[in-house]
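Here the protein sequences line up with chains Z and X, keeping their order. Each residue of the first sequence is one higher than the last, beginning at 1 in this note's numbering. Each residue of the second sequence is one higher than the last, beginning at 1001 in this note's numbering.
Derived from the structure by calculation, the hints contain no laboratory data. Backbone N, C-alpha and C define an ideal beta-carbon position, used for all residues, glycine too. A hint or two may mislead.
[Stated by the list, open to error] With the Cβ distance kept under 8 Å, some of the chain X side facing chain Z (calculated, not the full set):
no. : residue
1   : Ala1148
2   : Gln1152
3   : Phe1157
4   : Lys1167
5   : Val1168
6   : His1172
7   : Arg1265
8   : Ile1285
9   : Trp1302
[Unchecked claim] Once the Cα atoms are required to be at most 16 Å apart in a straight line, the calculated EDC-like pairs of lysine to aspartate or glutamate come out as:
no. : chain 1 : residue 1 : chain 2 : residue 2
10  : X       : Lys1144   : Z       : Asp236
11  : X       : Lys1236   : X       : Asp1266
12  : X       : Lys1159   : X       : Glu1121
13  : X       : Lys1144   : Z       : Glu22
14  : X       : Lys1074   : X       : Asp1141
15  : X       : Lys1159   : Z       : Glu22
16  : X       : Lys1238   : X       : Glu1121
17  : X       : Lys1144   : X       : Asp1130
18  : X       : Lys1210   : X       : Glu1191
19  : X       : Lys1159   : Z       : Asp236
20  : X       : Lys1074   : X       : Glu1126
21  : Z       : Lys250    : X       : Asp1141
22  : X       : Lys1201   : X       : Asp1213
23  : X       : Lys1238   : X       : Glu1329
24  : X       : Lys1201   : X       : Glu1263
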Amino acid sequence: MAERILKNISSRGLKNAVKGNEYRREASISYGILIGGYILFQILAAAGLIGHNLQGQFVPICVYISLAVSLNLVVGISGELSLGHAGFMAVGAFSGILMSRILGQSMSFEPAIIIISMLFGALIASLAGFVIGIPILGLRGDYLAIVTLAFGEIIRNFMNVLYFGFDGNGRLRFAFNHTIEGVENNDRIITGAIGATGTKTMATFTWGLLLCLFTVFIVLNLKNSKQGRAIMSIRDNRIAGESIGLDVRKYKLMAFVVSAALAGMAGCLFGLNYSTLVPVKFNFNTSVLILVFVVLGGVGNIWGGIIAAALLTVLPETFRQFADYRMLTYAIVLILVMICTYNPAIKARITGIWAKINPVKKKSGSSGKGKGKKSRKGAA
Amino acid sequence: MADKKDMRDERHDIDISDSGHAYENRQEIYYNDNVGGRAVFVDSKEQYDPDEPYNDQVFIPEKDRDKAPILQVKNLGIDFGGLTAVDNFNLTLGRTEIGGLIGPNGAGKTTIFNMLTKVYEPTRGEIFFDGKSTKGMTTVDINKAGMARTFQNIRLFDKLTVEENIKVALHHTTNYGLIDGMLHTPKYRHEEFRIRKEAMKYLKIFGMTKTADYRAGSLPYGAQRRLEIMRALATKPKLLLLDEPAAGMNPSETSELMETIREIRDRFQIAVFLIEHDMSLVMGICEGIVVLNYGRVIAKGWPEEIQSNPKVIEAYLGKSRGKMEEEEEKEKADIEKALRKGRLESAASGKPDRKEGE
Chain Z
1 MAERILKNIS SRGLKNAVKG NEYRREASIS YGILIGGYIL FQILAAAGLI GHNLQGQFVP
61 ICVYISLAVS LNLVVGISGE LSLGHAGFMA VGAFSGILMS RILGQSMSFE PAIIIISMLF
121 GALIASLAGF VIGIPILGLR GDYLAIVTLA FGEIIRNFMN VLYFGFDGNG RLRFAFNHTI
181 EGVENNDRII TGAIGATGTK TMATFTWGLL LCLFTVFIVL NLKNSKQGRA IMSIRDNRIA
241 GESIGLDVRK YKLMAFVVSA ALAGMAGCLF GLNYSTLVPV KFNFNTSVLI LVFVVLGGVG
301 NIWGGIIAAA LLTVLPETFR QFADYRMLTY AIVLILVMIC TYNPAIKARI TGIWAKINPV
361 KKKSGSSGKG KGKKSRKGAA
Chain X
1001 MADKKDMRDE RHDIDISDSG HAYENRQEIY YNDNVGGRAV FVDSKEQYDP DEPYNDQVFI
1061 PEKDRDKAPI LQVKNLGIDF GGLTAVDNFN LTLGRTEIGG LIGPNGAGKT TIFNMLTKVY
1121 EPTRGEIFFD GKSTKGMTTV DINKAGMART FQNIRLFDKL TVEENIKVAL HHTTNYGLID
1181 GMLHTPKYRH EEFRIRKEAM KYLKIFGMTK TADYRAGSLP YGAQRRLEIM RALATKPKLL
1241 LLDEPAAGMN PSETSELMET IREIRDRFQI AVFLIEHDMS LVMGICEGIV VLNYGRVIAK
1301 GWPEEIQSNP KVIEAYLGKS RGKMEEEEEK EKADIEKALR KGRLESAASG KPDRKEGE
């Protein structure tokens, strides 16, 4: 029977049907890109081939990579559209900065401060994800997207009225919507719309790499575990998932919370990269930017997201003189990606080109279908 | 009233609000079909007192009579808006019985499955699964209690591999937490190794171990159906509900499937309840059969009895067996007339009138 099935499959030309060791391949490609990119950038920077501006983007690139990977958990693996990822990033950033300042009073060992701050940021962001997730995960599709969008904006506006600072005795004080009594200017941590000021910038490229590696490690491991399988099966078929006893809300919430925690962690490193951080940085545009990384890299495709995040941060920096056209270019690129991945004629052309480049694949009979399939999967 | 009916006959339309008349007509026809008191069972309000405990122990196979039945359904019914989709449905299924549910398209068979698995909440009646009422349970609870099903339109996890589809079904027997899953601890590795072996064991039932790494969505139709059965089985059910398991299979595949269903029952000692249009399968493996039409049970019995009842055959299987005697011809003509009157045929299946051709 198995032979017949195999024969049937090959006669239908479904060469890409075999998934095999996809997880292992995905993991090695992802880690390879991250470590390779890190080494490449370090060498280029040491050789003086990278401008000062771009060097300043190293940490943000890593942060965006890890945000793209964590958003992929919700968009790609759980199959829900979330437009509030910057909100969780903001929660992580400000709570992380707060923690780093508190620890900074008594500690001077930076790695410990960074790690504890990031974990704290992740914790607070995951709590936010949990609180938000419970009521909204009964929603589906567009409705969920709208609510997450609103949540992102609420977080940003909440940050606008949040005041934190140390008073004369070094005690932490906080207030809403007015300056805190007894807090000197240079003892302020978070000052409403002005944001976090006086943060000691501790983030380095190496920390960025570690963050990326950790995020990819968690997401890929989760994907290849019983929880990940449950999340993906609910995405593929909710009713069938229920029929085999999977609690739909629990697993959707799980994906949402883990994603929020990872975003909080990335946000924390982002916060520790700037001495001043304004809440307006975490607006809707940032959420969309992260979503653009995910879509451009291929929904559900981890390493695609890594490349997209890196490219879309490096390119605007390199072509700064054309900054006015950036949003225009994004729109055109996204439209082109969607047209190209769904248009059979263009797909066939790409397939043809791919087959020329890759004659070995053609020989083995797969006729270069891989490219078309991959890109289709990407936009699905 | 009669004039009105005739007028509608001419138009040949399907009036849902009028379906009550169809019930009445049908009951007129089948009411006197009590062959030997039990062979063909006429389900009508006169025969039941909803207050009295319903007992049709006689319809479960002898081997299961000393055990408590796995499933007891009492006076089950559901309304969608003003339309009664299923009414007064009663069933007792033995512990290791293979039961069949047949009837024309739109008779309400899948609706009954959906009520059993709580996709729909029944409007009336009660379901006792393994002796416990399933009132207030959700689909998830039902599965955990030990009822697993397949779907008429295949519902696999298309983007997961065949093996993963089984592993998902083994979810509740996989013992590790989220932290183990995220960090791939030794506990994770140990458990994954164990369930991989177990998944292979299930795949072996249908000889599909070679396709373990294929995406489920890329399998041919018949293989997808088999995978769905295995996935249901992997949740370790006490009762397996199969919704048209042989749909889209060729005769040799169907007979293979028949053997496998019987094997599954013997090996796991579970009950199977299946909906199927392929009569060779139903008559081949089912120990008890319920015939449904317009949401009501019109006949119950052993396969031979259902098979040998000319009216059931005529109305629901569309098969004619040998030459009818003149008397029967006449009776048949009467039935047809009555059927047309009730617009049973047109409403039931939308198929062309099969009787004329055969």
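Results of checking the hints against the structure:
Here the hint on Ala1148(X) is kept, as its CB sits about 7 Å from the closest CB of chain Z, short of 8 Å. Interface hint status for Gln1152(X): violated, as the beta-carbon distance to the closest one in chain Z is roughly 12 Å, over 8 Å. Proximity of Phe1157(X) to chain Z holds as hinted, the smallest CB-CB distance being about 4 Å (cut-off 8 Å). The interface hint given for Lys1167(X) is met, as the beta carbon of that residue sits about 6 Å from the closest beta carbon of chain Z, less than 8 Å.
About 5 Å separates the beta-carbon of Val1168(X) from the nearest beta-carbon of chain Z, less than 8 Å, and the hint is met. A hinted interface residue such as His1172(X) counts as satisfied when its beta carbon comes closer than 8 Å to some beta carbon of chain Z; here the least separation is about 6 Å, so the hint holds. Here the hint on Arg1265(X) is broken, as its CB sits about 20 Å from the closest CB of chain Z, past 8 Å. At about 19 Å, the closest approach between the beta carbon of Ile1285(X) and any beta carbon in chain Z exceeds 8 Å, and the interface hint on this residue is violated.
Annotation: Trp1302(X) was flagged as interfacial toward chain Z, and the flag is violated, the nearest CB pair being 30 Å apart, outside 8 Å. Between the alpha carbons of Lys1144(X) and Asp236(Z) the distance comes to roughly 21 Å, so the proposed pair goes past 16 Å and is violated. Restraint check for Lys1236(X) and Asp1266(X): satisfied, since their Cα atoms lie roughly 14 Å apart, inside the 16 Å limit. Restraint check for Lys1159(X) and Glu1121(X): not satisfied, since their Cα atoms lie roughly 30 Å apart, outside the 16 Å limit.
About 31 Å separates the Cα atoms of Lys1144(X) and Glu22(Z), which puts this hinted pair outside 16 Å; it is violated. A distance of roughly 20 Å separates the Cα atoms of Lys1074(X) and Asp1141(X); the hinted pair therefore is violated under the 16 Å criterion. Straight-line distance between C-alpha atoms of Lys1159(X) and Glu22(Z) comes to about 12 Å, which keeps the hinted pair within the 16 Å bound. Taking the CA atoms of Lys1238(X) and Glu1121(X), the gap is about 21 Å. The hint is violated against a cut of 16 Å.
Pair hint Lys1144(X) plus Asp1130(X) holds up; C-alpha atoms about 12 Å apart against a cutoff of 16 Å. With a CA separation close to 22 Å, the supplied pair Lys1210(X) and Glu1191(X) exceeds the 16 Å bound. Under the criterion of a C-alpha separation no larger than 16 Å, the hint pairing Lys1159(X) with Asp236(Z) is consistent with the structure, at around 7 Å. For the suggested pair Lys1074(X) and Glu1126(X), the alpha carbons sit about 5 Å apart, so the restraint of at most 16 Å is met.
Distance hint between Lys250(Z) and Asp1141(X) is fulfilled; the C-alpha atoms sit about 14 Å from each other, no more than 16 Å. At roughly 15 Å between alpha-carbon atoms, Lys1201(X) and Asp1213(X) fall within 16 Å of each other, so this suggested pair holds. Between the alpha carbons of Lys1238(X) and Glu1329(X) the distance comes to roughly 45 Å, so the proposed pair goes past 16 Å and is violated. Between the alpha carbons of Lys1201(X) and Glu1263(X) the distance comes to roughly 14 Å, so the proposed pair stays at or under 16 Å and holds.
In summary, the numbered hints that this structure violates are 2, 7, 8, 9, 10, 12, 13, 14, 16, 18 and 23.
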